[in-house]
Amino acid sequence: MLDLSKIRKDFPILHQEVNGKPLIYFDNAASTQKPKAVIDRISRYYAQEHSNIHRGVHSLSAAATEEYELARKTIQQHLNASHDHEIIFTKGTTDGINLVANGFAKSILKPGDEVLISELEHHSNIVPWQLACESSGAKLKVIPISDSGEWIMKDFYKLLSKKTKIVAVNHVSNALGTINPVNDVVDTAHRMGVPVLLDGAQAAPHMNVDVKALNCDFYVLSGHKLFGPTGVGVLYGKEEWLNKLPPYQGGGDMIKSVSFEKTEYNELPFKFEAGTPHIAGVLGMKTAIDYCNAIGFDAIAKYEHELLEYGSKKLSSIEGLTIYGTAENKASVISFLIDEIHPYDTGTILDKLGIAVRTGHHCTEPIMTRFGIPGTVRASFAFYNTKEEIDVLYEGLLRVKKMFE
Amino acid sequence: MTINDRQNELIEEFSMFDDWMEKYEYIIDLGKEVTGIADDLKTDDYLVKGCQSRVWLIPSNKSGRVYFDADSDAIITRGLVGMVTRVLSDATPKEILESDLFFVDKIGLKEHLSPTRSNGLVSMIKKIKTYALAYTAKAN
Chain A
1 MLDLSKIRKD FPILHQEVNG KPLIYFDNAA STQKPKAVID RISRYYAQEH SNIHRGVHSL
61 SAAATEEYEL ARKTIQQHLN ASHDHEIIFT KGTTDGINLV ANGFAKSILK PGDEVLISEL
121 EHHSNIVPWQ LACESSGAKL KVIPISDSGE WIMKDFYKLL SKKTKIVAVN HVSNALGTIN
181 PVNDVVDTAH RMGVPVLLDG AQAAPHMNVD VKALNCDFYV LSGHKLFGPT GVGVLYGKEE
241 WLNKLPPYQG GGDMIKSVSF EKTEYNELPF KFEAGTPHIA GVLGMKTAID YCNAIGFDAI
301 AKYEHELLEY GSKKLSSIEG LTIYGTAENK ASVISFLIDE IHPYDTGTIL DKLGIAVRTG
361 HHCTEPIMTR FGIPGTVRAS FAFYNTKEEI DVLYEGLLRV KKMFE
Chain B
406 MTINDRQNEL IEEFSMFDDW MEKYEYIIDL GKEVTGIADD LKTDDYLVKG CQSRVWLIPS
466 NKSGRVYFDA DSDAIITRGL VGMVTRVLSD ATPKEILESD LFFVDKIGLK EHLSPTRSNG
526 LVSMIKKIKT YALAYTAKAN
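Residue numbers (my numbering), protein chains in the order written: chain A, 1 to 405; chain B, 406 to 545.
Rather than coming from a laboratory, the hints here were simulated on the basis of the structure.
Here the structure is a predicted model, which is why all the values come from computation and not from measurement.
Quick reminder that beta carbons are idealized off the backbone N, C-alpha and C, glycines included.
Careful: at least some of the hints might be erroneous.
What the hints assert, rightly or not - Just so you have them, the derived chain A footprint on chain B, three or more residues with Cβ under 8 Å:
{"no.": "1", "region": "427 to 438"}
{"no.": "2", "region": "457 to 471"}
{"no.": "3", "region": "476 to 484"}
To be verified - Label pairs and their calculated CB-CB ranges:
{"no.": "4", "chain 1": "B", "residue 1": "437", "chain 2": "A", "residue 2": "22", "range": "29 to 35 Å"}
{"no.": "5", "chain 1": "A", "residue 1": "356", "chain 2": "B", "residue 2": "513", "range": "15 to 21 Å"}
{"no.": "6", "chain 1": "A", "residue 1": "52", "chain 2": "B", "residue 2": "500", "range": "53 to 59 Å"}
{"no.": "7", "chain 1": "A", "residue 1": "369", "chain 2": "B", "residue 2": "505", "range": "35 to 41 Å"}
{"no.": "8", "chain 1": "A", "residue 1": "110", "chain 2": "B", "residue 2": "425", "range": "54 to 60 Å"}
{"no.": "9", "chain 1": "B", "residue 1": "505", "chain 2": "A", "residue 2": "70", "range": "54 to 60 Å"}
{"no.": "10", "chain 1": "B", "residue 1": "511", "chain 2": "A", "residue 2": "306", "range": "45 to 51 Å"}
{"no.": "11", "chain 1": "A", "residue 1": "131", "chain 2": "B", "residue 2": "423", "range": "48 to 54 Å"}
{"no.": "12", "chain 1": "B", "residue 1": "545", "chain 2": "A", "residue 2": "263", "range": "55 to 61 Å"}
{"no.": "13", "chain 1": "A", "residue 1": "144", "chain 2": "B", "residue 2": "541", "range": "46 to 52 Å"}
Pulled out of the complex, with its shape left as it was, chain B reads as follows (with noise of 0.2 Å):
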């Protein structure tokens, strides 16, 4: 599967969803769901600093490919997170700089994306494009 597969493999899966309430209640669920780090893991050198709540990233690259492992301290940012996961994790580090994010404003979710949330989103997808532009790199 590509980037946008699952992107819209997400967005079909929101599509079920009439009211806000039943889409963060599965966002909360999506959140419960996700492995996330072990707490010795979560330290300084794997967060991405938000001003509302914290969200620790760990890459690994596999035969060209690479993996994301999120958390976060607030289960709807955890949630959050562990969608982006989702989306960019088993892609190479090229598809990866060159992907657009259209899932989450597409399922409504755009506001946790506004800078001013300072949840560790944006910043998240930030390093996790920092990354991949690393393992192009090394690559090189």
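Same shape as in the complex, but just chain A (with noise of 0.2 Å):
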């Protein structure tokens, strides 16, 4: 059990009001509020820690380094990575899937190759790897779903050839909430050969993620929707896989030696962080992995699904109300709209009363079209989040029904 009245304690955000009521947060899929410890650890750096790493001989730069540094290792101990070089630090999941596609676009695909998305994916794991195939001449291949929001199996395995030099899907869908059958893909792609990148960015927040016993090849997810701050993010790369990739971008801290005849770049994980990181970004996420390790995945894991259950229910007895992506596996996540009332309209009122959720295409515009939808009104819970807040929500949208029908 959750000490959910501890935990709402320890978000300032949450105890405000949003035009006169009492805020109720729904949209943590986009992003998620920070506990006081993370908003603490970021500003004790910049009062009392801060100076460049990986430079200075000077104290100051050396206790910076080795705080960064130790954020490395409890972030490859948390993802139970083998080695903590295999972690790299990056703006977010954006940023590290541009890291992959650009390598594999510069190094490994050519005219003929194939790419493996899902139908599924946001547009960070969609519109990178259209780039990394218009540059090498590679094609883009597309798992569809189904009625349910859920892959369809029977076609990844047709579609997955000897042409295909990646699979890059999510682990959950943040638009439809479904959790993907990851490990099914991972091991019938191996046995092909093909690596595989997962999109963790909606997973890791609601679940301990385990990069070994997933085996897959690339980990990419954001540190502002892990309860951490925004602009940075991890990349997970096994070792043998990074090694194979060119450096992203060139800059300081990347290189080992430099002349204009010939650079020498740097090991791992330096190769692919160029330039001054953002030192304080990577303790405000190690302090967040720590918040959430302390009340534990799996205990969070469990609320959230309470939460679902309870949402789901309560909200399909809202008539005319239809919930996009009703797989057996979700995150907790409700995708729905209202009749043939506008999500626009939807989210309008309701943030009139001080409700707090996503409205519009999400990022995922081929699942809307897959739908037939303009979009949809999206209720996504997080830990600190109640059963009396869906409440709220329920009673909001049944004035919603009311006014525009």
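Since each chain comes alone in its own frame, lean on the hints to assemble the complex.
Rendered as structure tokens:
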């Protein structure tokens, strides 16, 4: 059991009024709020510890470097990676995918090769691969989804071929909440010798992620969706794959030696970390992960599942409400529409009631096209949300229905 | 009536409402009243793309004065674009170009003009001014 009153006290932002009503924050799939521990960690870093890392001989720099590398170690352990140099700090999930896609475009993809993604992807796991295909002459192939928002696996088996050079898919869908059968995808792809990148942006905040158990070749996530700061994220890559990819960006910290004739690149992980990184962000992200681990991801997953079940049942009882994404295995995301009411209209009225939801296509236009809808209203829950808040959403939706019908 | 007369008229209509609910119910009513645009005319040529809701805008020009028809797939946006076309229709291109739309702010709907809303309203106002500019150029 989670101690909700204690947890909610840890998140200062939750205790405010929006449009004269107590804030109910149900936009967690877009970004999660930050516990005080994270906010304090960042402010302590800037107030007392700031200095550039990996550079100075002076004590402040050495201490900052140590904290930064300790964060890498913590994240390695959290993800159960084999080595800490398999943890690359990025700007976020999008940045991590671009790094890998760019490396594949430069040194692996050839004309006639194929990249396999799914219809369930966020734009950030579509567009970088389109760019990679454009510059290399490779082709993009897409695993279709069923009406419940699940991959059609028999199509995946068919689409996977000798031409496939990488499978890049999400672990959990941001728009529909589907928890995807990634183990099956990784095993099948590996039997064909194809590496797999998993977009874990929506999985990492909800469950224990074990990259060894998943056996994926790349795993990407964002700090800000994991109760940490914006502008920072993680790319996990198996050592052998990270060594195969060329550097993404050039600059300081990523080199061993520089001359105008020849520059020698640094080893992992520094080869992929050009320039001064988001040090405060990395330390904040570590604190966020420590915070979640203290609660326990198993307890978090269990509680969020309760919220999902409660919310799905409650919202389904509204006449004319359709839930999009009805997979058996789902994260705490409810995407829905009420009759013909436009998501913008629903979202505007809910905002007036202090309820923050996401409306629109959620950066997944192909999914909306697949269902033939302009977008959805999405309520996504985190462990600091409560059933009472879902009740307020329910009442709000009844009001919306009355206003527009 | 000038553009500003029409803006003041709207501000007065909205001054009757005390709370946001009544205000939005009125916008929804206005949205339902908008004649709108026939489905077969809702083509990409007339589409003003917003991220959250879509807006269609068709201009016409009669003896030196410009008129607009507008529609949206979201009712609140349709009410808002209806108000904008009511204010800016039946004016000369010069009047449109020189106009300052203060009514949205005055009736407390400024948030709908925020670019992050991407409801197509801001783009529609820009588009109206572009049409006005084009009509001015043609007249010259």
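Hint check against the structure, violated hint numbers in rising order: Of the numbered hints given earlier, the structure breaks none, since each of them holds.
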